[in-house]
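Participant: Produce the complete structure using the sequences and hints provided.
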Amino acid sequence: MKNLKKQYSGLVLAEIIQLLPDAAFIINTKGKVIAWNKAMEELTNIKAEDILNKSSLEYSLPFYGEKRPILINLALNPQKKIEKKFLMFKRKKDTLIAETYVPFLRKGGSYLWAKACPLYDFQGNIIGAIELIRDITNQKNTELKLKESEKKYRELFNHISIGVAVYEVTNDGKDFILKDINKYGENISKRKKEKVIGGSIIKLFPGVIKSGLLDVFKKVWKTGEPKHHPVTLYRDGRISLWVENYVYKIPSGEIVSVFNDITNRRKTEKKLIESEKNLRKKVIEINCLYEIIRLINHPTISIGELLGGTLKIIPNAWQIPELICARIHFWNREYKTQNYHETPWKISNSCFIGNKELIINVHYLEEREFIKEEEVLLKKISDQLKSLLEFKLDYIK
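Here our numbering runs 777 ahead of the position in the sequence shown, where the first position is 1.
None of these hints come from the bench; they were simulated from the model. Ideal Cβ placement from N, Cα and C applies to all residues, glycine included. One or more of the hints may lead you astray.
[Claimed, not checked] Below, computed lysine-lysine pairings styled on BS3-like, alpha-carbon distance capped at 30 angstroms:
1) Lys1169 <-> Lys1113
2) Lys1089 <-> Lys980
3) Lys928 <-> Lys1133
4) Lys1089 <-> Lys1123
5) Lys951 <-> Lys924
6) Lys1089 <-> Lys1149
7) Lys969 <-> Lys980
8) Lys999 <-> Lys1026
9) Lys928 <-> Lys969
10) Lys1169 <-> Lys867
11) Lys917 <-> Lys858
12) Lys929 <-> Lys858
13) Lys917 <-> Lys1133
14) Lys972 <-> Lys956
[Claimed, not checked] Distance ranges between label pairs, derived from CB positions:
15) Lys807 <-> Leu1170: 28 to 34 angstroms
16) Lys862 <-> Lys956: 33 to 39 angstroms
17) Thr1077 <-> Gly885: 30 to 36 angstroms
Facilitator: Take a look at the structure:
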């Protein structure tokens, strides 16, 4: 639309819109259709000769199954009541941009993006309007799946039975600002999230200095190496508890603290060992899924780089990373870790992205049984990768 001059000859413009890849049509000030391009014919399954010179809002029938104003009409006659019916509506001077759901276009309905504006003659008089329409159903469905995936991640974050807090580094690593904390973390720290977000760790939890946790944060920030801070007595005049922390740095530079209150279990050494083991497993699972999600944040990442990056992440999520090898098969291509070879000790997961099968194989290089948690994690990785690949393939389209 940017390349079309608003001052035009109706005949010339009608020819020009035939060159547009998007569906497009033009009406005059009386609402009569004067141009209907090939892409519009394909979108609506209505030939130009069957709609040209017709008015009475007949062009809305293939979308809504009834005669009603659509975006092109609002370009000539603004109506607030109609504007509110769109999923998204923006006005930039005399140009309108909107997204909507139309139930009658194809089986199951479709999501559409549209753009409309008035058309002018050489004297600046409005003589009609033009609308461009694009089917964004696949993109919308992928967005919904990603939102659902993010929702599940947020539910995991909030409902996992261990404290998780995210901090932003400030003052050249001398202090850390709380950016997020889950519900279990609120319970342990006896702090409400809405009252502590944006606060300094030193002011919120002054006991971190004496307990040595602040020094752990600084070391992790400088080296990038994760650190386990063993069971320590934390006191600050407000609370007193025995707490265990596992601290690591994520690619964004933020510091994540995974912590647990083991006050009621400190005297039982066996339970402490189990607690540390479970803590590490959960940290590894959270970090693995988080790192896979972050891969798609690189706008130019290829499918090969996405799958190769996932292969690098997988071994560290298993019990003994040095004994793990993995392979991903997708779209007639195979991606392997450098040490990959098939062994009898393996787990697999597969799913389909469209008609293309995604297969992930994980092997132990020597005899060892996979635990149930590892099988569950592989399923989560497969599901996450499926969502990211669907998003990437739709983006490429």
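Participant: Evaluate each hint against the coordinates.
Facilitator: Right, here's what the structure says about each hint:
1. Lys1169 <-> Lys1113: holds (21 angstroms)
2. Lys1089 <-> Lys980: The given pair, whose Cα atoms are some 38 angstroms apart, is violated under the 30 angstroms limit.
3. Lys928 <-> Lys1133: holds (26 angstroms)
4. Lys1089 <-> Lys1123: holds (18 angstroms)
5. Lys951 <-> Lys924: The hint is violated at about 35 angstroms.
6. Lys1089 <-> Lys1149: holds (22 angstroms)
7. Lys969 <-> Lys980: holds (15 angstroms)
8. Lys999 <-> Lys1026: holds (9 angstroms)
9. Lys928 <-> Lys969: holds (21 angstroms)
10. Lys1169 <-> Lys867: holds (27 angstroms)
11. Lys917 <-> Lys858: holds (24 angstroms)
12. Lys929 <-> Lys858: With a Cα-Cα distance of about 35 angstroms, the restraint between lysine 929 and lysine 858 is violated, given a limit of 30 angstroms.
13. Lys917 <-> Lys1133: holds (20 angstroms)
14. Lys972 <-> Lys956: With a Cα-Cα distance of about 12 angstroms, the restraint between lysine 972 and lysine 956 holds, given a limit of 30 angstroms.
15. Lys807 <-> Leu1170: 28 to 34 angstroms: Given about 44 angstroms between the Cβ atoms, the range is violated.
16. Lys862 <-> Lys956: 33 to 39 angstroms: For lysine 956 against lysine 862, whose Cβ atoms are near 37 angstroms apart, the range 33 to 39 angstroms holds.
17. Thr1077 <-> Gly885: 30 to 36 angstroms: Since the Cβ atoms of threonine 1077 and glycine 885 sit about 33 angstroms apart, the hinted range of 30 to 36 angstroms holds.
The structure shown violates the earlier hints numbered 2, 5, 12 and 15.
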